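Sequences listed follow chains F and P, in order.
Mapping of the first sequence onto our numbering: position 214 corresponds to residue 214, and the numbering continues sequentially without gaps.
Mapping of the second sequence onto our numbering: position 42 corresponds to residue 42, and the numbering continues sequentially without gaps.
Keep in mind that the hints are not guaranteed to be accurate.
Claimed, not checked - Here are the computed lysine-lysine pairs in the PhoX-like style, where the Cα-Cα straight-line distance is at most 20 Å: (1) Lys-47(P) to Lys-422(F); (2) Lys-47(P) to Lys-429(F); (3) Lys-396(F) to Lys-386(F); (4) Lys-100(P) to Lys-130(F); (5) Lys-429(F) to Lys-40(P); (6) Lys-422(F) to Lys-329(F); (7) Lys-422(F) to Lys-227(P).
To be verified - With the C-beta cut set under 7 Å, the calculated list includes, among others, these residues of chain F facing chain P: (8) Lys-130; (9) Val-221; (10) Gln-223; (11) Gln-255; (12) Glu-264; (13) Ile-289; (14) Leu-425; (15) Gly-460; (16) Ala-524; (17) Asn-526; (18) Met-528.
Because the hints were derived from the structure by calculation, they are not lab data.
As the structure is a prediction and not an experimental result, all values here were calculated from the model.
Glycine included, C-beta positions come from ideal geometry on N, C-alpha and C.
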Amino acid sequence: MVFSVLEWRTICLVLTIGIQLAGCNPERSNRHYSPDPAVLRIGNGTEPQTLDPHRAEGVPAANILRDLYEGLVSEAPDGQLIPGVAEHWDISEDGKQYRFYLRDNARWSNGDKLTAEDFVYSFRRSIDPKTGSSYSNVLSCIDQVEAIIRGDAPLSTLGVKALDQRTLLIQLKAATPYFLSLLTHSTTYPVHRQSVERWSGQFSRPGRLISNGAYVLDDWVIQSTITLKKNSRYWNADHTRIDTVVYHAIDDPSQELQRYWANELDWTASIPVGQVEWAKHKFGSQLQISPYLGTYYYALNVSRPPFKDQSGLRLALSMAIDRELIVDKITAAGELPAYHWVPPGVLNYQSKSSIDTALSPVQRLEKAKRLYYQAGYSEDNPLRVKLLYNTSDNHKRIALAIAAMWRKTLGVETELINQEWKVFLSQRKQLDQTQVVRSGWIADYNDAWSFLELFQSDHGMNFTGYNNPEYDALLSKAAIENSQTERQRVLQQAENLLLHDEPVIPVFFYVSKSLVKPWVQGFAANVMDHHYSKDLRISKAGHLPEPE
Amino acid sequence: MLWKYIAQRLVGAIPTLLVMIFIAFYLVHSAPGGPFDAEKEISAEVKANLDRLYQLDQPLHIQFLNYLSSLIQGDLGPSFRYRDWSVNDLIQTGFPVSLKLGVIAMSLAVVVGCMLGIVSALNRNQILDDWIRIGAVTGIAIPGFVVAPFLILFFAIWLGWLPAGGWQYNRPSDMLMPVATLALPQIAYITKLMRGSMIEVLESSYIRTAKAKGLPIYLIVLRHSIKPAILPVISYLGPASAAIITGSVVIEQIFGIPGMGRYFVQGAMNRDYTLVLGVVVLYGMLILLANLIVDLIYVWLDPKLRYE
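One chain only, chain F, in its complex shape (with noise of 0.2 Å):
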């Protein structure tokens, strides 16, 4: 076939669209239409592989486990933390331990009351190999977290302990800034024991999941819904004004915008690739563009040649990419050109470093030159690269754009490879064979600790080889840091040591996208783009805009 299937529906999307935009918009229906103020209809991308808070992956299932559940912290609309199960807590003066006080009115929905011994049992089970948790390492700042998972420790010794029904103390290795942000992660959330282990592992079905937040599982089709009903044994129940919650898994954005156009859904998980100057237009304000803490780069193996011991061409390859060309014409969403590696926003933290932001572009792509001459090649002698990214439309356009740019400012010959999304994966990992390697990381929690972990020698998601001793040490240094400035002093320096190093080349930083309808109220942007439903209404006051 000359087009794949996905292409041949994005060809009818833009069609449709095209028709649309040329003037015919009956669109009768959607004058009329009005919402229903007790469910909200969410577009939530692929289908969840399970609602076990502890071995749930993904963004699409984290969305649903934060109505499901409710940690020790919560956050508000806007990202600030605020206390959850947890009503108030003590912070030791090394900042080493942490003493959380549960609220005495936090239960599960079957009525069983919730206490510190629920929360020992769900950390030591988020934590226990047994369980096949991936986000097991992130608790790793908890004390004796590393040798549980290494098996050298049993569980009983992990640092979290009830001093009482209603007191739990958690033990940390070193002060860790982020630790509270951690809590509102699903792999710290509470599960019902006699629940978990009467159905032995298979308990998030409807009809068996007991859960502790403002929302219970009513409902779930695999490959199509997963309908949620308040919970009116949570503590705040008083405050949710949405009884039912139906999440759709859509896994085609332009599914999800067609179902969204024709008043389906309320919220759209995303915004098919090239689309958002058209939704602009289309839906006015019910676009909802913002900051997103996460960095789309694209790796170097420094392991092998072309690229090791030669700082200076992976330099001069990220200089001569026009980073904002690729933000205005390609991305086209607002997302920001990347000279660094932590994205703006990350609490506690300023990126001081940046790829030669001072020099005039025509400077930078004279430098550019200047190093890869120096590095041995020229227009005879040109380099020879393999740039490996997964199958979307997307990282396609990327790849081209920057395979252009090398090759029109330094000559660089670049083969690009893309591969379905599995054998991407397996293949990222194989050192001896790649060259540059797209990714993009999204941050597990507000901290520039989640960036900058990833290039420590012995890190899983360290796919460029990079192995740098004094990298290491300084973020050793950081982990057991007790000062907040320091810290960030450290972890500056371990950036600029990266940027230097270069073994990544940042591209671009994220932006969240989505489409929320106006009768949609109390939505608010943060950089985690972790929403609650709620903290939402539906207000019947809200209307469609006229049509054109």
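Starting from the structure of chain F, add chain P where the hints point.
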């Protein structure tokens, strides 16, 4: 005679099914990447635990034998992707949806296709016949993934009559567009087949005799022509059921219908080995069964054939 024939065919289907499972098993396992490869790398300890839990640490031939032995007991195994569900659970919810979609589409295709074919044959080379033939060629030529977005734009977005996708409340309105899209190419094929064979039958000598006897045309068609003319359509039903099944893979994706087709596509992309195999086993059995049923109907309709 009939039961012996059915038993023979069913026994004969077992080796076919086994070969199919064998090929499918080795194909899904040979695809690069595994079910637990994700954006976020998991630690070696956790990976080892998962492999042990799902028996991925065993040699492939042992895994195959284990799979077969649980298959014989009717257990299709746990889903690798949807960790709270077994493949049996998933098929139990997905299969009725696809079956409903497929059966309605197939019935629609046979009824509408035969009717159009007969009308076309009776009006041979007249304007009505021309229009039906043009419609049939168009129906065959335009794929479902082109028809579907236009239907959605027209009926869901402009008119607001039908939902743009989903299968949420099992409403009949959820089914209209997917069924129409799925049935359209089959209606077109059956119309062409029926027209051709009807013309042939109408030209045969016994029909001429009936006409000479002064029998009205509707009686000639109903009593004497449909039965012989429908034979090519019946023999096409086997491939048609396969086409409906493969067609539903695309249609279910476009309309977001939680059926087997969507499981198959998602299962393949997620390397959900057991789910993909479960769908293959079920669809394999269905196609073998559909072919058997078609042969039985064929023999029933055509007295020249015998169970042999």
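Tested hints:
no. : hint                     : verdict
1   : Lys-47(P) to Lys-422(F)  : 16 Å, holds
2   : Lys-47(P) to Lys-429(F)  : 15 Å, holds
3   : Lys-396(F) to Lys-386(F) : 14 Å, holds
4   : Lys-100(P) to Lys-130(F) : 40 Å, violated
5   : Lys-429(F) to Lys-40(P)  : 12 Å, holds
6   : Lys-422(F) to Lys-329(F) : 29 Å, violated
7   : Lys-422(F) to Lys-227(P) : 52 Å, violated
8   : Lys-130                  : 6 Å, holds
9   : Val-221                  : 5 Å, holds
10  : Gln-223                  : 4 Å, holds
11  : Gln-255                  : 6 Å, holds
12  : Glu-264                  : 6 Å, holds
13  : Ile-289                  : 23 Å, violated
14  : Leu-425                  : 4 Å, holds
15  : Gly-460                  : 4 Å, holds
16  : Ala-524                  : 27 Å, violated
17  : Asn-526                  : 22 Å, violated
18  : Met-528                  : 16 Å, violated
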